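**Q** Protein chains in written order, with our numbering: chain A, 1216 to 1655; chain B, 1216 to 1655.
Bear in mind the hints are in silico, worked out from the structure with no lab data behind them. Certain hints may be false.
Identical copies go unnamed one by one, so any copy, or any two together, can satisfy a pair.
[Said to hold, decoys possible] Below 25 Å or equal to it, Euclidean Cα-Cα: the simulated SDA-like pairs (lysine to any residue) are: (1) K1603 - P1234; (2) K1285 - L1225; (3) K1603 - R1310; (4) K1592 - D1516; (5) K1548 - P1651; (6) K1245 - V1649; (7) K1324 - L1232; (8) K1455 - L1466; (9) K1324 - L1540; (10) K1593 - P1314; (11) K1593 - M1650; (12) K1592 - R1553; (13) K1592 - K1630; (14) K1593 - E1276; (15) K1548 - D1286.
In this text the structure is predicted, and so the values were computed from the model without any measurement.
Below are the chains, spelled out letter by letter.
Protein chains: 2
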Amino acid sequence: MAQYIEPRVLKGFRDFLPPAEIERRLLIEKIEQSFRLFGFVPIDTPALEYAEILLGKGGGETEKQIYRFKDHGERDVALRFDLTVPFARFMAEHRHELPLPFKRYHIAKVWRGENTQRGRYREFTQCDFDIVGTDKSAADFEILLMMKQTLSAIGVQNITIRLNHRGLFNRFLHRFGWLPHSVEILRTVDKLAKIGEAETRDLLANLVGQEGAATILSYIHTEGSYEETLRKLTDMAGGKDSDTERLETLLQFMKDLGIESSFVLDPSITRGLDYYTGVVFETFLNDLPDIGSVCSGGRYDNLVALYSREQLPGVGASIGLDRLLAALEALGKETAPRSFVVVAIACVDERQGGRYQALAQQFRAAGLACEVFPEPKKLSQQFALAEKKGARFMVIPQEGESSYTLRDLSSRENKEHLSVDEMLKLIRQTGSPVMPQNKI
Amino acid sequence: MAQYIEPRVLKGFRDFLPPAEIERRLLIEKIEQSFRLFGFVPIDTPALEYAEILLGKGGGETEKQIYRFKDHGERDVALRFDLTVPFARFMAEHRHELPLPFKRYHIAKVWRGENTQRGRYREFTQCDFDIVGTDKSAADFEILLMMKQTLSAIGVQNITIRLNHRGLFNRFLHRFGWLPHSVEILRTVDKLAKIGEAETRDLLANLVGQEGAATILSYIHTEGSYEETLRKLTDMAGGKDSDTERLETLLQFMKDLGIESSFVLDPSITRGLDYYTGVVFETFLNDLPDIGSVCSGGRYDNLVALYSREQLPGVGASIGLDRLLAALEALGKETAPRSFVVVAIACVDERQGGRYQALAQQFRAAGLACEVFPEPKKLSQQFALAEKKGARFMVIPQEGESSYTLRDLSSRENKEHLSVDEMLKLIRQTGSPVMPQNKI
Chain A
1216 MAQYIEPRVL KGFRDFLPPA EIERRLLIEK IEQSFRLFGF VPIDTPALEY AEILLGKGGG
1276 ETEKQIYRFK DHGERDVALR FDLTVPFARF MAEHRHELPL PFKRYHIAKV WRGENTQRGR
1336 YREFTQCDFD IVGTDKSAAD FEILLMMKQT LSAIGVQNIT IRLNHRGLFN RFLHRFGWLP
1396 HSVEILRTVD KLAKIGEAET RDLLANLVGQ EGAATILSYI HTEGSYEETL RKLTDMAGGK
1456 DSDTERLETL LQFMKDLGIE SSFVLDPSIT RGLDYYTGVV FETFLNDLPD IGSVCSGGRY
1516 DNLVALYSRE QLPGVGASIG LDRLLAALEA LGKETAPRSF VVVAIACVDE RQGGRYQALA
1576 QQFRAAGLAC EVFPEPKKLS QQFALAEKKG ARFMVIPQEG ESSYTLRDLS SRENKEHLSV
1636 DEMLKLIRQT GSPVMPQNKI
Chain B
1216 MAQYIEPRVL KGFRDFLPPA EIERRLLIEK IEQSFRLFGF VPIDTPALEY AEILLGKGGG
1276 ETEKQIYRFK DHGERDVALR FDLTVPFARF MAEHRHELPL PFKRYHIAKV WRGENTQRGR
1336 YREFTQCDFD IVGTDKSAAD FEILLMMKQT LSAIGVQNIT IRLNHRGLFN RFLHRFGWLP
1396 HSVEILRTVD KLAKIGEAET RDLLANLVGQ EGAATILSYI HTEGSYEETL RKLTDMAGGK
1456 DSDTERLETL LQFMKDLGIE SSFVLDPSIT RGLDYYTGVV FETFLNDLPD IGSVCSGGRY
1516 DNLVALYSRE QLPGVGASIG LDRLLAALEA LGKETAPRSF VVVAIACVDE RQGGRYQALA
1576 QQFRAAGLAC EVFPEPKKLS QQFALAEKKG ARFMVIPQEG ESSYTLRDLS SRENKEHLSV
1636 DEMLKLIRQT GSPVMPQNKI
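Just chain A, with the same shape it has in the complex (with noise of 0.2 Å):
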């Protein structure tokens, strides 16, 4: 046995068979087709890049998460973590090939070496959408609206898009004299929705004494309404500015669509560190509050500051596709079937191979998925791989005879001596799915 190498895949890693890949591909494709609706392009980078490139400053949990080698010419090169890094390299790069507003989207895999857990792996799809050289409201709201719509779309309609200003939060610690510890305060209330109440008060009045942490907390819970958390908000942060201008023409715009019940304006979000400067916003699913936010993003002043000294400012969002692929199965939601196939050709005589393909084109010329059988077994062996198959209707030829018989393998009834028209006529009454046409 020892000449045989173990078939295995790397901790982390994963296959994906047949059900969950038609799953995850039709997940994509729906979600591609709503960002084509809104105008977004896509692009694509590549997985391997230079290691200065992708590290950039930073270091910390990325350096060691990220996989960095030596290849062939001794550069030192790794593989993409994110998305995000890569595009503003990309943006850096080609901006004056481009009409800006520029909204792309780019759905790929992103590697990190990090501790797995249930649910998070060490390769994983990243489905991120940006509209970058535009600081307008409008911006804004497109990718918020896209984001509802995007869900929507896929067939989940009860969340909640949790937003918040980084601005106004800053504005808010620079007026009580902690913007020094303005990391630690916004890492800290992060994990508010993690760690709770209790501690988070106490972590905060380590950083700014008792009182300090009671404010922090008065500032980050949410009041009532959208409008009264922002006048609070405005409150502590010490009046009007154009941050709250933002948020009052947001929630303009999101009344003007009959919208505005699906967002919460929600001090406590703040979306990581450094990156983001306006606003930010996590989505939930309100049937899974549990499972975390499933698309998150935010508003940035300058997308290139690594790689160029121009300016970009942008705001954009990524959608988890894992996550939202565990959230669609916990939510009974995942209706991809387990295969293409509607009709399966039974293989009757060997010899006629070449007559049951020209008979399975013409099912497959109007759009239905079709599976030739190539061996001649017992019938009903045929109709369990059928079925295994995902098939609903099975053909079987009669030698010598221009007609055929249809076997409905759900009802397990047998309409006989037909032609093929009857036959596609049958088949199309029962709704079975056609291919789309690509007009595009």
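Put chain B on the given structure of chain A with help from the hints.
**A** Then chain B, alone, in the frame of chain A:
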């Protein structure tokens, strides 16, 4: 300037800007749809695997080209350099979970640190499809038909698929006592198209003498027709056997579908060395023969030999997506749009951003991709940007009116005081692209 990192990608790697990426994605979508119509299902495997698994017993070229390194746990890992080895590992691991014959496709990136040349990259996309678990002619034929059909679906009709049978070739070599040299002979013959007949003759003469070289050149010469070539090969191999029957059956199947003119029996096709045991084939574009084969493959006795004692015969092929894209470009067949956008909505008043999005949602609901401009620039600038973004129409909302001006950016004509329904009707009349609905 020293604080900026120069944005650049590694040699042999590429960014895909939207026009190229849209073309790539739409091509992949059409290829996938064709595969699905034949009942093939997608799988996915990790980009990173144990080096031992990927390299198998191999070595040589592969070993030199593979991106291999130690991960955080000091595991010896590597990036996949093709999709065949991971598929073999996948089947050895999961075959009892899958109905046989199993028909899978896998479209994904692979990495090879080889020397870069024009059109050859270190990161490229492969597109594999296989039927495993059956040794029947019908499976060989389905792969051949699907190759032809898939190229036809992307607009490439004028192709020639050249096929051969490795078993027949081996019988011929055995008969003349040249089987010990078969590896070198097959390798030499494989280069015939590249190095020419004279050099091939010299190389073969070194192995089997002048007379032997003449015999092999006579063997690998394609005669007038499939039948004539097959008769000669069978004679030279010492008479009829199952390999001749296989090639006869395939020809009969081709005739049953009336597609035999696309196939040539070409005994100079050998396709690599160890892997294939039955029919092998390469696909050439008649209008662009110099680009080489865009889709190649063959039949193998045992996919999982490295990872399991069980047998698993199969047949499959691979489309080189990057070469195919280069070919489509050379043939002037790229037809992808620069973007998906049909309609752009002008920004006249920034505060109306919500209403513009509400309007856009009506176009999107009709399947028309719609862009909303966030900045109230001069209309002439917005027209120019809309054209750059690939929009055909621009909607200009008038202040305080519920009707709109629709500008056809191709004719530069305005139509005024239109309702949304009237705009939709006018846009549809132009045959502008409508997003397909995901029915599956």
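**Q** Of all the hints numbered above, which does this structure not satisfy? Sort the numbers upward.
**A** Hints 11, 14, 15 not satisfied by this model.
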